[in-house]
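Listed below, chain by chain, are the residues.
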Amino acid sequence: MQDILSISAVDLGKKIAAGEITSVEATQAYLDRISAVDKDINAYITVMTEPALKAAEEADKMIAAKKAAGEELSPLAGVPIAVKDNMCIEGTLTTCASHILDNFVPTYTATAVQKLIDAGCVIIGRTNMDEFAMGSTTETSYFGATKNPRDLTRVPGGSSGGSAAAVAAMECPAALGSDTGGSIRQPASFCGVTGIKPTYGRVSRYGLIAYGSSLDQIGPLGKNVTDCATILEVISGHDAKDSTSAGADETSKQDERTTDYKFTEALVDDVKGMKIGIPRDYFLEGMNEDVKKAVLDAAEVLKSKGAIVEEFDLGMVEYAIPAYYVIACAEASSNLERFDGVKYGYRTSDYLDLHNMYKKTRSEGFGAEVKRRIMLGSFVLSSGYYDAYYVKALRVKALIKKAFDDAFAKYDVILGPVAPTTALKLGESLSDPIQMYLGDIYTVSVNLAGLPGISVPCGEDSNGLPIGLQLLGQTFDEKKIIRAAYSYEQYRLNNMSLKCDDIFGKEA
Amino acid sequence: MVITDETIEYVGILAKLELSDDEKEQSKKDLSDMLDYVGKLNELDTSGVEPMSHTFPISNVMREDEVTNGDDKENMLKNAPESNQDAYIVPNTF
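Chains as they are written, first to last, in our numbering: chain Y, 358 to 865; chain W, 6 to 99.
Hints in this document: simulated from the structure, not taken from any laboratory.
A portion of the hints provided could be inaccurate.
[Unchecked claim] Derived DSSO-like pairs: lysine-lysine, alpha-carbon spacing no greater than 30 angstroms straight-line: (1) 767/Y - 649/Y; (2) 598/Y - 78/W; (3) 632/Y - 619/Y; (4) 78/W - 717/Y.
[Claimed, not checked] The following residues of chain Y were derived to be distant from chain W, with all beta-carbon distances above 10 angstroms: (5) 375; (6) 379; (7) 385; (8) 419; (9) 428; (10) 501; (11) 613; (12) 618; (13) 633; (14) 778; (15) 786; (16) 819.
The beta carbon of each residue, even a glycine, is placed where N, CA and C say it ideally should be.
Build out the structure end to end from the sequences listed, making use of the hints.
Structure (structure tokens):
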């Protein structure tokens, strides 16, 4: 039997369902692993030892009862899952990796997390992140940086760096992250795991502490495509508590893809006739040669399996980052107004009056990167600059969406890199914000256009660091990217020897 | 774009942030660099392009306005930095 820590979430679920191992034993194995390695990695802000063991006991009882009654079990029943620290869980510290929320205990649970709990999953802990999800390195966390398990001198990526590192270091079988500009896909790429950013509106944002509300989306990070598709199937669906969630209104219901959540049906090793486009303008100067080669080799693999692969000009690539930062910071400055030291969170100890209390609380409670983005957002929304910056960015967003619409009129899937480089050294990027933002070039446009994207390991650079392949689909076409990613993964498992597959095993 | 002391003061008021002198200088530089960078968007002719907020067609869902959540006052007040019985306590406003 393979080591319980290395097998996938779905395989663990099977073993639990078959009675080969209990949820309590699996949960304890992961808690032991966290105790052994997390002091070096810092993937977790909170380890939920007691509540997790209690939930595992409940899960074992529920599984036994369902089996006795002959009822169907969720494939994830009894499986421990980690959750990024920006999703509310009732009665559990939820910090957003910020000083301003370092004592916040929500009175309700995020819908995506509740759906996992309802499926019998055990929430094992809260993962580290960039403060308020603002960053690409998980270095802006108030609770210290997370290290990349593949090289402890490097960043895990971000902002869901804790979730990606926890999966990579086998500190959980799978985790939830959130993606506003690449925050699931880029850390998945840097840590050698798989991650899906769903279509905007696919997964409820209720209980997700908002950063950029028009861009934020919750999604899974896991050891393989099967785990991610299975988790996505559990957490997707319309939610009356999120007015932007799709699938219930008359307009979105007309498109049957908006209510098709059977993502595991797409776990098929077949890309024959699938049309895949590679944007020529993704492969320009400044890109790491190892990344370029690994991604183009992956395209050849899909071609050899029968996909029709061609290069094309996507356009608008260089405008995505400036448009993204205007829109994301504008929304952030508005969303983060609520942190004022009145109803929850940190309050400064020394103040003159109400207004002074607000300002001091926020200035002491937020870190440098968060303040930088609130300042930019406040500026672009201010009278006199609103049209020139904010409305302009929304017009550019329409052009970016159109560029993708034109591409998806010709192609089923767009293939490219996740990031221009592999994981950087700790401390290397924070000093120059614009340089750091440029690393988001292949990911932010996907959030602006509301598209689904998946990051799958596809190689290693000369230092042995993981490289991610990004596959993009039209809105609500998760099944196409899952099928392409799964087909690629089957080739990789059988023909390549990546470190991630040595660690997680090849039984996917 | 040059960011003046007055602009930083004004944006600081909008953002409800009290920046130290060092932070103000850094913020002037950061804001100026970022605005120069996002000025790139002006290379694009967007006349006639509607600003886009939502990326796929979605329409309103109506429902009866009924209270569905219970009273959770006690737990909510536990999160307050300062509270008294049923109320949040804030500093003097005058």
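Results of checking the hints against the structure:
Taking the CA atoms of residue 767/Y and residue 649/Y, the gap is about 23 angstroms. The hint holds against a cut of 30 angstroms. Distance check on the hinted pair: residue 598/Y and residue 78/W sit about 20 angstroms apart at the alpha-carbon level, within 30 angstroms; holds. Taking the CA atoms of residue 632/Y and residue 619/Y, the gap is about 22 angstroms. The hint holds against a cut of 30 angstroms. The suggested pairing of residue 78/W with residue 717/Y holds, with an alpha-carbon distance near 27 angstroms, which does not exceed 30 angstroms.
For residue 375/Y, the condition that its CB be more than 10 angstroms from all CB atoms of chain W holds, with the nearest at approximately 39 angstroms. Residue-level check passed: residue 379/Y sits 32 angstroms from the nearest beta carbon of chain W, beyond 10 angstroms. Under the 10 angstroms C-beta cut-off, the non-interface status given to residue 385/Y relative to chain W holds; the minimum distance is some 30 angstroms. Its beta-carbon lying about 25 angstroms from the closest one in chain W, residue 419/Y satisfies the requirement of being farther than 10 angstroms from that chain.
Non-interface call for residue 428/Y relative to chain W: holds, since the shortest CB-CB distance, roughly 28 angstroms, exceeds 10 angstroms. With a cut of 10 angstroms on Cβ distances, residue 501/Y stays outside the contact zone with chain W, its closest approach being about 22 angstroms. In this structure residue 613/Y is separated from chain W by more than 10 angstroms, as the shortest Cβ-Cβ distance comes to about 14 angstroms. For residue 618/Y, the shortest C-beta to C-beta distance to chain W comes to about 16 angstroms, beyond the 10 angstroms cut-off, and the non-interface label holds.
With a least beta-carbon separation of about 22 angstroms from chain W, residue 633/Y lies farther than 10 angstroms from that chain, consistent with its non-interface assignment. No Cβ of chain W approaches the Cβ of residue 778/Y within 10 angstroms, the least distance being about 19 angstroms, so the stated non-interface status holds. No Cβ of chain W approaches the Cβ of residue 786/Y within 10 angstroms, the least distance being about 15 angstroms, so the stated non-interface status holds. Residue 819/Y, annotated as away from the interface, keeps every beta carbon of chain W farther than 10 angstroms; the closest lies near 31 angstroms.
In summary, the structure agrees with every hint in the numbered list given earlier.
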